[in-house]
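Novice: Residue numbers (our numbering), protein chains in the order written: chain C, 1 to 406; chain X, 1001 to 1120.
I should point out that these hints are in silico values taken from the structure, not numbers from a laboratory. Careful: at least some of the hints might be erroneous.
Simulated crosslink set (EDC-like; lysine to aspartate or glutamate; CA at most 16 angstroms straight-line) [unchecked claim]:
| # | chain 1 | residue 1 | chain 2 | residue 2 |
| --- | --- | --- | --- | --- |
| 1 | C | Lys148 | X | Glu1110 |
| 2 | X | Lys1002 | X | Asp1070 |
| 3 | X | Lys1002 | X | Asp1063 |
| 4 | X | Lys1002 | X | Asp1092 |
| 5 | C | Lys148 | C | Asp92 |
| 6 | C | Lys148 | X | Asp1046 |
| 7 | X | Lys1002 | X | Glu1078 |
| 8 | C | Lys148 | X | Asp1092 |
| 9 | X | Lys1002 | X | Asp1090 |
| 10 | X | Lys1002 | C | Asp151 |
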Amino acid sequence: MRAAWWPAAASVARLCGDLSLAEDCAQEACAAALAQWPRDGLPANPEGWAVAVARRRALDQLRREGARAGKERTAAREWAAAEPDRSAIAGDDQLALLFACCHPALDPASRVTLTLRVVCGLPAASIARLLLLAEPAVAQRIVRAKRKIRDAGIRLRVPGPDELPARLSSVLHAIYLTFTEGHSPHGTDAVARDDLCEESLRLARHLSRLLPDEPEVTGLLALILLTSARSAARADADGALVLLADQDRSRWDESRLAEGRALVETALARHRPGPYQLQAAIAACHGDAATAAGTDWRQIAALYSELLRFDPSPVIEANRAVAVAYAEGPAAGLAILDTLAASSRLARWPQLHVARGALLAQCGRREDAVTVYREALALEPAEAVRRHITSQIAALSAAGAPDKEN
Amino acid sequence: MKYIALLYGDPEMGPGPVPGTPEFMQMLSDYQAATEAMAGAGVLIDSSPLQPPQTATTVRVRDGETQLSDGPFAEIKEQLGGYYILDCADLDTALRYAAMIPAARYGSVEVRPVMVMGPH
Chain C
1 MRAAWWPAAA
11 SVARLCGDLS
21 LAEDCAQEAC
31 AAALAQWPRD
41 GLPANPEGWA
51 VAVARRRALD
61 QLRREGARAG
71 KERTAAREWA
81 AAEPDRSAIA
91 GDDQLALLFA
101 CCHPALDPAS
111 RVTLTLRVVC
121 GLPAASIARL
131 LLLAEPAVAQ
141 RIVRAKRKIR
151 DAGIRLRVPG
161 PDELPARLSS
171 VLHAIYLTFT
181 EGHSPHGTDA
191 VARDDLCEES
201 LRLARHLSRL
211 LPDEPEVTGL
221 LALILLTSAR
231 SAARADADGA
241 LVLLADQDRS
251 RWDESRLAEG
261 RALVETALAR
271 HRPGPYQLQA
281 AIAACHGDAA
291 TAAGTDWRQI
301 AALYSELLRF
311 DPSPVIEANR
321 AVAVAYAEGP
331 AAGLAILDTL
341 AASSRLARWP
351 QLHVARGALL
361 AQCGRREDAV
371 TVYREALALE
381 PAEAVRRHIT
391 SQIAALSAAG
401 APDKEN
Chain X
1001 MKYIALLYGD
1011 PEMGPGPVPG
1021 TPEFMQMLSD
1031 YQAATEAMAG
1041 AGVLIDSSPL
1051 QPPQTATTVR
1061 VRDGETQLSD
1071 GPFAEIKEQL
1081 GGYYILDCAD
1091 LDTALRYAAM
1101 IPAARYGSVE
1111 VRPVMVMGPH
């Protein structure tokens, strides 16, 4: 039934240009389904059924308001209908709704919130729980974003081919943010929030059905599949983060890995590489390795170099450094990380120092490693990371041998 | 829908091209091209550059008394230098035209919908 929400809301939004009404009607359609389907059996076309119910509710509502001189809404409806979208993509209404919710004129946090509410149909209370925000803050964000869409004249439409790449990246980013917030949540002890990850997977899957020829859409879906495939192995029995190298690979989800791998290959075969495809390709390299030692680090380092061309960020450079350390030895990676620590705003990023600490330890410089790990602790990392650092410091201190031994 | 595009300078980026230089002439012709594109598409209602902020006078009426003061109402870093009023189908269209205005390169252009006052 969750699958019917997006089409139902989209159809009403397109009909009347009113996101709040779209939400209400999609909600009513889902409530009606909940009441009728268990009794009468699943309709032959559940989506079509929900769309029809939602549209009927919307028209009833508009008629009632029309009688009360609902001029503003009539105007909105005429405006929305003024220029019917001639794009031939299937699921046009659904894409139009998603593109409006992820419009670059809205701030990124609002795009995520609005998408979870209007496209996924999650209640504000659930979104608040997922994003670790207070419910009134979420509700206000949704109201503000909807108001901006209405008052600033953001039209519910699928962008034309000339704008599609730029606008699509905003949509993909909102789905990616939803996923990363699930994969590495802020402000909680949990290593991951699987429900949020699954929501982003649902969105990416649906989007790739709507835009099957966009390699970055396929790439994002692959990335989410390949990364979430490892989620069962990412936390130990106490809920502490388990690093990739230490994970029990038998706990990885083989069916997700296989699906993700196949999608990466399909996407890359189109010869229009992009950041999501490259990140997915990196995740696939990890997925292919039966053991941590068997990882193709040279390939991963090369993929990170490629990724830097699209997104020259210090975080990606740090990741490349780790890959280089595995491929060419810890000193080579450490040299890149030290440059980053000295020059970039990344110096305040705890993970950078965690990576430096690990490489220093591998170089046999235990005291330096402990110093760097302490620097990372001083930057108040997330709880799971903090526990990891503490255990590393304890292990290094227990090993206890002085540096000079080398 | 009607939109106003407010053109702001950015002090961090410097004053922009200096009059008399080829860059300045290029900027003028870019302004002209943008304005002509908007007029040609039938979306341009009005546009003008403004005299510098030092020429501004601020008016306040307090307790029925008119008070005048020299200069803009607030010392803000980004100075308003001109405006365009556009009538566009939607925000995306307005933003596309706004991006053609040279001020978007040298400073910033704020695009705001003009409020429609309904008949009462």
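Novice: Each of the hints needs a verdict: does it hold here or not?
Specialist: Hints, verified against the model:
no.	hint	verdict
1	C:Lys148 x X:Glu1110	holds, 15 angstroms
2	X:Lys1002 x X:Asp1070	violated, 31 angstroms
3	X:Lys1002 x X:Asp1063	violated, 35 angstroms
4	X:Lys1002 x X:Asp1092	holds, 13 angstroms
5	C:Lys148 x C:Asp92	violated, 22 angstroms
6	C:Lys148 x X:Asp1046	violated, 24 angstroms
7	X:Lys1002 x X:Glu1078	violated, 24 angstroms
8	C:Lys148 x X:Asp1092	holds, 13 angstroms
9	X:Lys1002 x X:Asp1090	holds, 9 angstroms
10	X:Lys1002 x C:Asp151	holds, 11 angstroms
This entry does not satisfy hints 2, 3, 5, 6 and 7, going by the numbered hints stated previously.
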